[in-house]
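Undergrad: Chain by chain, the residues run as shown.
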Amino acid sequence: MAKILIIDDDSDIVEAMRVVLENKGYGVVSAENGKDGLIKASLEKPELIILDVMMPGIDGFEVARELKKNVVVKNIPILMLTAVKKKTGFDFKAEAGDPDWLPVDDYCDKPLDYEVLLERVAVLISRSKL
Amino acid sequence: MRDAHTNIIPAEERLIDRVYWLINLRWIAIAGVVSTVYIASEILHIPLEVFPLYGVVFFLIVNAVLLRWVIVYFQDRKFFKKMKTLMSFQLFLDLFYLAALIHFSGGIENPFYFYFIFHIIIAGILLSRRATYLIATYASAIFLIVVFCEQCGFLTHHCLKGVFSAPLSGNFLYLMGASFVFMSTLYITAYLTTSISIQLTEREQSLKVANKLLKEKDRVKSEYVLRVTHDIKEDLAAIHSCIEPVQKGITGALNERQTDLLRRARVRSKQLVVFVDALLEITRLKLTEKIEMKYFSVNELVQEIQEMFAVSAQEKQISFEVCADPDIPSMKGVRVYVHEAILNLLNNSLKYTPEKGKIVWEIRNHQNVLFVKISDTGIGIPREDLPRIFEEFYRAGNAKEREKKGTGLGLSITKAIAEMHHGKVWVESELGKGTSVYLEFPSGA
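Taken in sequence, the protein lines are chains A and B. Quick note: the first sequence, position 115, residue 115 per UniProt numbering, numbers continuous. Quick note: the second sequence, position 269, residue 269 per UniProt numbering, numbers continuous.
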């Protein structure tokens with residue numbers, strides 16, 4: 001079954017997501033900061049990366065850009081977790097796919113709606129398998 | 001806060017305002033001189049040197065026209081300092097004109113010489129204390145020179161024959177007395193006017209400082225709220241994320257009691273999320289000073305909101321009608337915010353309108369103002385609550401009764417968004433009949 005890497009500094013949210021994703025049969029690995037996440041992405045080669053925006057050290061935007069620079073992992077889809085979309089007026093959907101600005105494939109609002117999360121996870125993984 | 005701006009006009013603008021006021025006064029003064037000369041000579045038959053007097057009037061007119069031209073020219077270039085110099089120079093000239101008018105119409109015998117006081121008052125308002133005393137000194141000097149030159153025969157004394165039985169100019173004691181009273185009046189006027197003027201300036205300064213401090217404190221408070229709310233939200237998101245999988249039985253089957261309690265916990269945490277989101281939003285709006293505005297299509301926005309809202313209205317069996325002007329031009333603003341401001345109002349209507357009710361949404365464009373009206377057949381707002389409904393956290397009494405949930409922030413957010421776009425929002429309501437909310441956005445913001 002598909003392996004998912006969660007990069008999020010909030011271990012409580014990671015554990016909750018792990019329960020939900022494992023329940024659907026996904027394998028879950030996690031990293032609690034951007035640096036760790038970049039290393040685990042190359043090591044584990046997951047089918048999908050779930051990435052939080054607000055993290056100490058390297059933030060999610062930076063991690064996404066770094067990931068897309070790396071030849072080994074650049075084809076792994078990224079699902080970004082964010083609470084900022086509505087507040088800033090950024091339309092992430094429009095920006096997604098703009099590799100210079102924000103190279104993520106989709107996003108989910110926080111607090112998470114698991115149904116939406118699972119749906120997007122499934123879509124991104126099946127798309128990358130094509 | 002955004003609406004904490006006060007109406008303190010900067011000194012530059014005020015000076016320019018007063019300069020224009022002075023220019024207008026000049027024309028009144030000129031008209032006054034002409035009519036006085038005319039009445040005195042033609043009706044009262046006082047023997048006046050009419051020709052030189054009208055000559056001075058001619059110079060006054062030329063001067064007034066020139067002054068206006070020079071000020072318009074300078075104002076564009078914001079020559080504030082030069083404006084002050086210009087006004088001092090103009091006052092010197094004016095005193096000279098007045099002295100000339102007095103000289104040609106009887107000198108000390110002409111009581112109009114007390115009009116010198118007006119110049120001192122004007123100087124006291126416009127200029128510094130030092131400059132005002134200087135002008136008072138100059139006014140005294142020019143007056144004394146005229147009077148004593150006439151007395152000594154250096155200047156012709158144009159006697160007001162027929163007004164006085166004996167010419168006053170020959171009476172040395174009277175001249176001394178009149179000059180002393182005149183001079184002291186000028187200096188006392190200078191002192192009084194500048195004292196008031198200085199006091200006013202000082203008070204204005206302290207008001208400005210207080211206002212700035214208040215704004216700063218408000219900003220600090222908002223930043224504090226933002227930080228605290230943000231932290232709360234992080235924890236809340238984690239709580240919410242952890243409860244859900246358990247409640248949904250992903251971690252194992254639960255009995256009915258367990259599911260029910262977890263459902264309650266989740267509903268409450270969700271409610272708190274909604275509140276925290278609204279609080280974050282209003283605080284961010286208040287802290288935003290500059291925001292990038294772009295033109296966006298109002299027609300598209302209307303359609304988007306209409307499609308979205310029609311579903312919610314239908315679910316509650318409320319009829320929803322949209323009346324939009326055809327081809328509303330694009331509007332400059334922040335699309336997501338305008339979207340939110342309107343949707344907030346529609347959701348309010350939906351929340352407080354009983355089933356089978358009606359919501360009408362009008363969108364009009366009139367002279368580059370986008371005009372939005374949302375009326376419902378809902379519970380209405382009690383008259384005593386109307387003035388306060390835009391306050392943060394305030395909820396009308398009947399709204400709380402009907403709907404326990406509610407942040408009390410929806411209307412404040414809409415108001416903040418309207419103000420950000422230099423627009424406004426207001427409400428009309430009749431209890432038990434319904435409510436109409438109006439929103440106005442200038443299209444060019």
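Source of the hints: derived by calculation from the structure; they are not laboratory data. The beta carbon of each residue, even a glycine, is placed where N, CA and C say it ideally should be. Careful: at least some of the hints might be erroneous.
[What the hints assert, rightly or not] With a straight-line Cα cutoff of 30 Å, these simulated DSBU-like cross-link-like pairs (lysine-lysine) come out: (1) B/K248 x B/K212; (2) A/K40 x A/K68; (3) A/K3 x B/K248; (4) B/K233 x A/K24; (5) B/K270 x A/K24; (6) B/K248 x A/K24; (7) B/K424 x B/K358; (8) A/K35 x B/K233; (9) B/K424 x B/K373; (10) A/K3 x A/K45; (11) B/K424 x B/K221; (12) B/K332 x B/K290; (13) A/K40 x B/K358; (14) B/K424 x B/K212.
[Unchecked claim] Pair by pair, the computed Cβ-Cβ distance ranges are: (15) A/S126 x B/P442: 46 to 56 Å; (16) A/N33 x B/R263: 32 to 42 Å; (17) B/V427 x A/S126: 45 to 55 Å; (18) B/H366 x A/D59: 21 to 31 Å.
Undergrad: Taking the hints in turn, state whether each one holds.
TA: We went through each hint and held it up to the structure:
Between B/K248 and B/K212 the CA atoms are separated by roughly 53 Å; this puts the pair beyond 30 Å, and the hint is violated. Annotation: proposed proximity of A/K40 to A/K68 holds, straight-line Cα distance about 14 Å (limit 30 Å). The straight-line distance between the Cα atoms of A/K3 and B/K248 is roughly 23 Å, inside the 30 Å bound, and the hint therefore holds. For the hint pairing B/K233 with A/K24, the CA-to-CA distance comes to about 27 Å; that is within 30 Å, so the pair holds.
A hinted pair counts as satisfied when its Cα atoms are at most 30 Å apart, and B/K270 with A/K24 qualifies at roughly 24 Å. Distance check on the hinted pair: B/K248 and A/K24 sit about 13 Å apart at the alpha-carbon level, within 30 Å; holds. The suggested pairing of B/K424 with B/K358 holds, with an alpha-carbon distance near 24 Å, which does not exceed 30 Å. The hinted pair formed by A/K35 and B/K233 meets the criterion: a straight-line CA distance of about 25 Å does not exceed 30 Å.
For the given pair, B/K424 sits about 12 Å from B/K373 by alpha-carbon distance, which is consistent with the 30 Å threshold. Between A/K3 and A/K45, the direct Cα distance comes to roughly 8 Å. Compliance with the 30 Å bound is thereby established for this hinted pair. With a C-alpha separation of about 25 Å, the suggested pair B/K424 and B/K221 falls inside the 30 Å cut-off, and the hint holds. As the CA atoms of B/K332 and B/K290 are separated by approximately 14 Å, the hinted pair is consistent with the 30 Å bound.
Distance check on the hinted pair: A/K40 and B/K358 sit about 56 Å apart at the alpha-carbon level, beyond 30 Å; violated. Of the supplied pair hints, the one linking B/K424 and B/K212 holds, its CA atoms being roughly 24 Å apart against a limit of 30 Å. Evaluation of the 46 to 56 Å hint for A/S126 and B/P442 yields a pass: the beta carbon distance comes to about 48 Å. The hinted range of 32 to 42 Å is satisfied by A/N33 and B/R263, whose Cβ atoms lie roughly 34 Å apart.
Here the CB-CB span from B/V427 to A/S126 is close to 50 Å, well matched to the stated 45 to 55 Å. Between B/H366 and A/D59 the beta carbons are some 46 Å apart, a value that contradicts the proposed interval 21 to 31 Å.
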